[in-house]
Amino acid sequence: MNDLLPFEWIAAIRFLREGRLQSLFIISGVAIGVAVIVFMSALLAGMQANIFKRVLTSQPHITLERPKQAARPQRTGAPGQSVLATVQKPSQRMSSVDQWQKVRDEARRRPDVLAVSPTVAGPAFVIRGDASQAISLIGIDPEQYVKIVPLPDKIVRGTFRMTNTDMLVGTQLADDLGVQLGDKLRVATAAGGDLTLTIAGIFDMGSRGVNQRNVYVLLATAQNLLHLPGGVSSIDLIVPDPMQAETIAQSIANETGLDALSWIANNNQLFVALNAQTFSSEMIRVFVALSVAAGIASVLVVSVIQRSKEVGILRAMGGSRGQILRVFLIQGAVVGLLGSVIGSVLATGLMAAWRTVARNPDGTPMFALTVDPRLYAWAALIATLTGLLAAVTPAIRAARLEPVVAIRG
Amino acid sequence: MRLAGVRKSYGIGTPAETEVLHGIDLVLEQGTFSALIGPSGSGKSTLLNIIGLLDRPTSGALLITGRDTSTLEEAQLTRLRGRTIGFVFQYHYLLSAFTAMENIMMPILLERGRPDSSMRDTALALLQKVGLVQWKNNLATNMSGGQQQRVAIARALALNPSLILADEPTGNLDTQSANNVFELMRQVSAASGTTVLLVTHNLQLAKRCDRIIELVDGTIVSDRESPAA
Chain B
565 MNDLLPFEWI
575 AAIRFLREGR
585 LQSLFIISGV
595 AIGVAVIVFM
605 SALLAGMQAN
615 IFKRVLTSQP
625 HITLERPKQA
635 ARPQRTGAPG
645 QSVLATVQKP
655 SQRMSSVDQW
665 QKVRDEARRR
675 PDVLAVSPTV
685 AGPAFVIRGD
695 ASQAISLIGI
705 DPEQYVKIVP
715 LPDKIVRGTF
725 RMTNTDMLVG
735 TQLADDLGVQ
745 LGDKLRVATA
755 AGGDLTLTIA
765 GIFDMGSRGV
775 NQRNVYVLLA
785 TAQNLLHLPG
795 GVSSIDLIVP
805 DPMQAETIAQ
815 SIANETGLDA
825 LSWIANNNQL
835 FVALNAQTFS
845 SEMIRVFVAL
855 SVAAGIASVL
865 VVSVIQRSKE
875 VGILRAMGGS
885 RGQILRVFLI
895 QGAVVGLLGS
905 VIGSVLATGL
915 MAAWRTVARN
925 PDGTPMFALT
935 VDPRLYAWAA
945 LIATLTGLLA
955 AVTPAIRAAR
965 LEPVVAIRG
Chain G
183 MRLAGVRKSY
193 GIGTPAETEV
203 LHGIDLVLEQ
213 GTFSALIGPS
223 GSGKSTLLNI
233 IGLLDRPTSG
243 ALLITGRDTS
253 TLEEAQLTRL
263 RGRTIGFVFQ
273 YHYLLSAFTA
283 MENIMMPILL
293 ERGRPDSSMR
303 DTALALLQKV
313 GLVQWKNNLA
323 TNMSGGQQQR
333 VAIARALALN
343 PSLILADEPT
353 GNLDTQSANN
363 VFELMRQVSA
373 ASGTTVLLVT
383 HNLQLAKRCD
393 RIIELVDGTI
403 VSDRESPAA
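Line by line, the protein sequences give chains B and G.
As numbered in the numbering used here, residues 565 to 973 make up the first sequence, in order.
As numbered in the numbering used here, residues 183 to 411 make up the second sequence, in order.
By construction, these hints were calculated from the structure, which means they are not laboratory data.
One or more hints might be untrue.
Said to hold, decoys possible - Sample of chain B residues lacking proximity to chain G, with all beta carbon distances greater than 12 Å (derived): (1) Glu-572; (2) Lys-653; (3) Arg-674; (4) Gln-697; (5) Val-720; (6) Pro-806; (7) Ile-877; (8) Gly-913; (9) Arg-972.
Stated by the list, open to error - Distance windows between CB atoms, simulated: (10) B/Phe-616 - G/Arg-294: 56 to 62 Å; (11) B/Thr-842 - G/Arg-265: 54 to 60 Å; (12) B/Arg-972 - G/Arg-406: 28 to 34 Å; (13) B/Arg-972 - G/Arg-184: 21 to 27 Å.
All C-beta atoms, glycine included, are put in the ideal place defined by N, C-alpha and C.
Please model the complete structure; the sequences and the hints are all you need to start from.
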């Protein structure tokens, strides 16, 4: 007996130790439950972080565009008069964001914006001999744009070099046209632009569509080709917290009168899917916790029945109802706590196993498992509380035992 | 310890209401060693439970060291029971998760809340008294029936109670062990002046007590000095 421990703790620990097999099984049950919850949470957090990273590294958080041109009827009716008119939606012509330098500078001054980059984007063709391919021509300011999309990291051949005769193409486009570094390609647009540019680098953005369609050139080159001298078609922004993008976009839209599209609005379906995933994992966690609680409660109920004579004798010897109650509550809490510690170790093992198994074909890890140390603390706290709550019914049962009845049994 | 007009009924308010004890008057003088005998179902155990504060009488009074117990609350009764009464049952009911010494410490531990060295000293002295010092670190379950009952007696003495209630403490033992246990109780009672009330079926043992109280159908039919005393 440890002199530092009160009677309740001594008895609780001795009872658990004596009921070896029972205690072992229920602690394993709790441990498995906690391991599942911790591992699943880490897996889910890692997966979602990975999805966000992939989505976010190839696109800006917010894109500012000129508002869509709207048609209005030429005649308006005088008061009391109505005019019948068919209003056709206009086709959207290529045009610049009004006073884009001013918009850019204002956006840059905002504390909730990290980087601002103007771009010119429009349709074009690349032509090599008889072959031609439709592309999306993107004119960028390299210094600013790399803060939005880390293009230099995506270059697989050549360098991130941008002069007014250079272009960057995707791996897929290079394959389709059979071109390599240093080759020259003609770029033509519907606006009448026609230039021959040199391939300075070939990039891989991780998406076949992007690798086939996107072609990066200098801002001035794109302005020239798309016939948009001095103008830009959009302004790209990134913000410190991507999850706040929609709120910030709304605020910028209100201030500038431009259309502000956040990545959240652009990827609405993704968010719905991720939320559904989070919700279903919450459900699994709740049910695992419930089954763990039911397990602890059932073991303790059996233990109370097995020990009813001992409880009776303790009561006859002057043990109070409160002391008996606490002995069983502590057993529940200890089972929860021990289970959560072992479960956390198990989960760490599972994660290590996952890291060695889940790898891309090239040997790099599929994604990093995100483990928040607070997760362990939470798991321990929740498991201990669950154990304590599960023990309430059996403990009350034990405390209510009448010594005479319990001893006569 | 004094009982005055104690009645006990079970199933009160139901058609099966039965009175088990019909007005018991009984005084146990401090330091006496008495036997309570009677056929099965005569109410011996009920009487013992009432004296032991494990059960309350339906009517009548129980005074312990001059104090009326009928007005006490549950928690006060529990404390009084722990301090003044020691129990020895037919089956020992030692806690199997604890050693012999720890079982003896248990009543003191329940009262004080935390173990300390004075408890250990008390327990060791009691083990010496019942002749089991070399068994002190044995788990209760690893001892013979007679040894377990001796530990149970030592445990009943832990808080130096004024009254020991023994419900057939020798009922499960062979003659030799029963004799040892009985002698031990007599010795202890004589040495510390503890009052003992012993419920037994064994007339041989009863005759070796100071006083024999016979209960039949919930009434004391005879209460006499033992011929041996």
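*Beyond 12 Å from every chain G Cβ: check whether that's true for B/Val-720.*
holds, 68 Å
*asked:* Looking only at beta-carbon atoms, does the pair B/Phe-616, G/Arg-294 fall within the given range of 56 to 62 Å?
replied: holds, 59 Å
*So the hint says 21 to 27 Å: do the beta-carbon atoms of B/Arg-972 and G/Arg-184 match that?*
At 26 Å between Cβs, range holds.
*asked:* At 12 Å, judged by beta carbons, does B/Arg-972 keep clear of chain G as stated?
replied: Contrary to the label, B/Arg-972 does not stay out of reach of chain G, its closest Cβ about 8 Å off (not over 12 Å).
*Take a quick look at B/Gly-913 and tell me if its Cβ sits farther than 12 Å from every Cβ on chain G, holds or violated.*
holds, 32 Å
*B/Thr-842 paired with G/Arg-265, Cβ distance criterion 54 to 60 Å*: This hint holds: roughly 59 Å between Cβ atoms.
*Would you say the C-beta atoms of B/Arg-972 and G/Arg-406 sit inside 28 to 34 Å of each other?*
holds, 30 Å
*Taking the closest pair, is the beta carbon of B/Pro-806 still more than 12 Å from chain G?*
holds, 56 Å
*Could you let me know if the closest chain G CB is still more than 12 Å away from the CB of B/Glu-572?*
violated, 8 Å
*Measuring Cβ to Cβ, find out whether B/Lys-653 lies farther than 12 Å from everything in chain G.*
Nearest chain G Cβ is 83 Å from B/Lys-653, so the label holds.
*Minimum Cβ separation between B/Arg-674 and chain G greater than 12 Å?*
holds, 63 Å
*Is B/Ile-877 truly not at the interface, in the sense that its beta carbon sits beyond 12 Å from all beta carbons of chain G?*
violated, 4 Å
Violated hints, in rising order: 1, 7, 9; the structure is consistent with all others.
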